[in-house]
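Order-wise, the sequence lines are chains A and B.
Residue 351 in my numbering sits at position 301 of the first sequence, with consecutive numbering throughout.
Residue 574 in my numbering sits at position 451 of the second sequence, with consecutive numbering throughout.
Take these hints with a grain of salt, some might be off.
[Said to hold, decoys possible] Derived SDA-like pairs (lysine to any residue); straight-line CA-CA distance at most 20 angstroms:
| # | chain 1 | residue 1 | chain 2 | residue 2 |
| --- | --- | --- | --- | --- |
| 1 | A | K172 | B | R212 |
| 2 | A | K196 | B | L509 |
| 3 | B | K394 | A | I309 |
[Claimed, not checked] Here are a few chain A residues that face chain B, going by a calculated C-beta distance under 10 angstroms:
| # | residue |
| --- | --- |
| 4 | S90 |
| 5 | R100 |
| 6 | V181 |
| 7 | R292 |
| 8 | I327 |
[What the hints assert, rightly or not] Which chain B residues stay away from chain A? Per the calculated CB distances, all over 10 angstroms, these:
| # | residue |
| --- | --- |
| 9 | R172 |
| 10 | I183 |
| 11 | V203 |
| 12 | L207 |
| 13 | T268 |
| 14 | E271 |
| 15 | P371 |
| 16 | K394 |
| 17 | F400 |
| 18 | I402 |
| 19 | L413 |
| 20 | A442 |
| 21 | T521 |
| 22 | I524 |
| 23 | L545 |
Don't read these hints as lab results, they were simulated from the structure.
All C-beta atoms, glycine included, are put in the ideal place defined by N, C-alpha and C.
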Amino acid sequence: MGIIRNRKIFFTLSAILVIGSLVAPFFFGFHLGTDFTGGSILEVRYLSERPQLEATQALLSPLGLGNFSLRPSGESNFVLRAREISPEEKSAILSVLSSGGQTQISEERFNSIGPVVGESLKRKSYIAIAVVIFCIVLFITFAFRKVSKPVSSWKYGLATIVALFHDVIVPTGIYIVAGKFFGWEIDLLFVTALLAILGYSVHDTIVVFDRVREHLRRNQEEGRVEEFEKTVGESLIQTMSRSINTSLTLVIVLVALYILGVGATQSFAFVLLVGVIAGTYSSIFLASPLLVTLEKLQKKE
Amino acid sequence: MLKYRIWAVFLLIATIALVYFLYSSQRENARFPFKFGLDLVGGTELIYRADVSQISGGDIADSMQTLRDVIERRINVFGVSEPLIQVERAGLVSGNPDHRLIVELPGVSDIERAVAMIGQTPQLEFKLERAGVRDLSEEELKKLTLDELFVSTGLTGRFLKRSSLQFDPSTAQPIVALEFNDEGKELFSQITRENIGRTLAIFLDDELKQAPVIQSEIDNGQAIITGYDAATAKEVVRQLNFGALPVPIELASTQTVGATLGEVALDAAVKAGIWGFIILSLFMVLWYRLPGVVAVIALILYVFLSLSIFKLIPVTLTAAGLAGFILSIGMAVDANILIFERMKEELRGMPARGTGGFAHSGGKEELRGGKNLIDAMREGFRRAWLSIRDSNIASIITAVILFWLGTASVKGFALTLGIGVLVSMFTAITASRTYLYAVSFVQESKLTEFLFSSGVKSYKLKADS
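Only chain A is shown next, with the shape it has when bound in the complex (with noise of 0.2 angstroms):
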């Protein structure tokens, strides 16, 4: 079977990618959404039309709002980022963009968070991500124990975990790469985003190693020795079409939603289709050929 034979290979191209989304942060920038910094961001639409962008920066500076950023944003927006603010200083931000109530604006959106709750946020999201994967490892040593010969239970959990790494890491560079260029932040979102991941790689994973399970089990049944590599190759074989078919109704939706979508709906929609994509590589390339090289160490013990 070509993938297990060329296991090599695919481990080395995971590996070049994580690796690759690891050291992306050191040259596009890790750069957190106010979710999790604190601080405000503020969204107005001009009905008319907006007034140019030095001018406005020069008209806020004025206000103290220490370190802000104002950026254009589509055709008649702007997005102001500053620490966090409170509701008398939005007003009197509102009152210079729209110069004194001249310019008819409107106000998108308004977030501004204190650093305690951006910090608690981030703890959560640590703690969830976690955990889930804690419980995922126990549910499939106990789903796997069954058949923990030739490789223990466990390790199909240990090879399931693998894949999840992959599958939420590789995203996670992606997104910052491409977000260097669309202005995407680490958000709330997208860590959702990144939990759904999380659910997908394992649902696929799992579907893979269901069948490698019953492979096992009617063998120990009818007593016909097999190469364990032989039994990984053609569960590969078998789930493959179901495998390709799943992640490609779930890319139809993603795609629409893509294309359709606006503003955060898109960067969102973007996560889940590379992490939907590497969730499918990973279950064939990386998880279930994995399971092969953890027998062949263990026979070497």
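Since the structure of chain A is provided, determine the placement of chain B on it from the hints.
What follows is chain B alone, placed relative to chain A:
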């Protein structure tokens, strides 16, 4: 097969009933409207941090509940439709370092006004009559304003611990009982001691409520107001409790989504959902043919059933929640794909394996490779079940943990994903099996072969054994 046809008809009727329910509950003032999060309809979210350091551990939950109720009453006065006020506890489980009050105000985009309306405290004040007022005639009194009649004592609602409605044990008259905190008790005691015989008026929002004459020193920190009927007394108690937030709060974060932005996001999600569904259906029908049609019909049931459940619970739909729903559509389709792929394998037999296929253990069939249609279907469902079960359990575990640990938006995602996975277990397996068995009356012929094949290939079907 008759049994399956009856059930199939029943399921189709159920689908139509759901469509009717969804349609009729979209009318104005219907009982079960969709609930949308602020990110989709626009509005303001305010998160307050509560300072519970002055409250003993056992009373915190109570105080937070009272705080919630007080804030809710204040907001209701302003007529915001469907405000949502929640208490989020501190602790390791919730991941919060402190207790929080979350206030969601749909349709409100003016934060300053929202903050003001929540922070507004009806003012309770005790005032003493000014010296010399007593000697004035009635005409002269009428000319004077309240401020000229009374002088502040510094005893205000800030010192009020709580107010409650009681009844005089002998006359059964309603009594508004006031209880001051320690600081207030001292102040009250001092005022009453030094001013026996003078009038101590009680003002609420600068309005004179009661003007009793001090009879003696009151050192237990309690005061009563009488002379109301029961309903008014209750109202006064309520208002007095308004004046005193049980827990000091501080604004920690605010968020506003403009109505247009929310509308655009919702519109995009709905459009994407519809287009995604159409293309997905085309793919399923073209690739899996008759089973594909069955899967699409089951999927339609899935979508309508899930949406109805979202309405009934009700689930607040946010952008993240819709994402969870979309992902669960993918998982519902996955179950069907797993089953159909397995069915195909059973039909085809397993040429790759020397000793025959994956048929029942033992028996003649095993050596024979392919199966007849009905057997292949049965096996397809039976064998796909294990992987559907395990992969869905993993998804449910994820959903439960996220719901438990997540922040508001993650919770929405977890809830729709979890409901979606559960519903899909029913529609993708039970419903699609019923439909598939119901249409399998077709004589095994070239047509049947075509209908049950997939992709670009056709498979030879075995004759009935």
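Now for the hints, and whether the structure bears them out:
A distance of roughly 17 angstroms separates the Cα atoms of K172(A) and R212(B); the hinted pair therefore holds under the 20 angstroms criterion. Distance check on the hinted pair: K196(A) and L509(B) sit about 14 angstroms apart at the alpha-carbon level, within 20 angstroms; holds. Between K394(B) and I309(A) the alpha-carbon distance is near 10 angstroms, which keeps this suggested pair within the 20 angstroms criterion. Among the interface hints, the one on S90(A) holds; its C-beta lies about 8 angstroms from the nearest C-beta in chain B, closer than the 10 angstroms criterion.
Among the interface hints, the one on R100(A) is violated; its C-beta lies about 16 angstroms from the nearest C-beta in chain B, farther than the 10 angstroms criterion. Interface hint status for V181(A): upheld, as the beta-carbon distance to the closest one in chain B is roughly 5 angstroms, under 10 angstroms. Checking R292(A) against chain B: minimum C-beta separation of about 4 angstroms stays under 10 angstroms; hint holds. Using the Cβ-Cβ criterion of 10 angstroms, the hint placing I327(A) at the interface with chain B is not satisfied: the shortest such distance is roughly 13 angstroms.
Residue placement check: R172(B) does not keep its beta carbon more than 10 angstroms from all beta carbons of chain A (closest about 7 angstroms). Residue-level check passed: I183(B) sits 18 angstroms from the nearest beta carbon of chain A, beyond 10 angstroms. Here V203(B) stays apart from chain A, with its beta-carbon at least about 17 angstroms from theirs, past the 10 angstroms limit. The Cβ of L207(B) lies farther than 10 angstroms from every Cβ of chain A, with a closest approach of about 18 angstroms, so its non-interface assignment holds.
Every Cβ of chain A is farther than 10 angstroms from the Cβ of T268(B); the closest lies at roughly 32 angstroms, confirming the non-interface assignment. Every CB of chain A lies more than 10 angstroms from the CB of E271(B), the least distance being 34 angstroms, so the non-interface label holds. Against chain A, the non-interface label of P371(B) holds: every CB pair exceeds 10 angstroms, the least being about 16 angstroms. With a least beta-carbon separation of about 5 angstroms from chain A, K394(B) fails to lie farther than 10 angstroms from that chain, contradicting its non-interface assignment.
Non-interface status of F400(B) relative to chain A is broken: a Cβ of that chain comes within 10 angstroms, the nearest being about 8 angstroms off. With 10 angstroms as the threshold on Cβ separation, the claim that I402(B) sits away from chain A is violated: the shortest Cβ distance comes to roughly 5 angstroms. The claim that L413(B) lies off the interface holds: its Cβ sits roughly 16 angstroms from the closest Cβ of chain A, which is beyond the 10 angstroms cut-off. With a minimum CB-CB distance of about 6 angstroms to chain A, A442(B) fails to clear the 10 angstroms threshold, and the non-interface call is violated.
Its closest Cβ contact with chain A, about 4 angstroms, brings T521(B) to no more than 10 angstroms, contrary to its assignment away from the interface. Consistency note on I524(B): stated as away from chain A, yet its beta-carbon is not over 10 angstroms from all of that chain's, at 5 angstroms minimum. Annotated as non-interface, L545(B) keeps its C-beta farther than 10 angstroms from every C-beta of chain A; the closest such distance is 14 angstroms.
Checked against the numbered hints above, the structure violates hints 5, 8, 9, 16, 17, 18, 20, 21 and 22; every other hint is satisfied.
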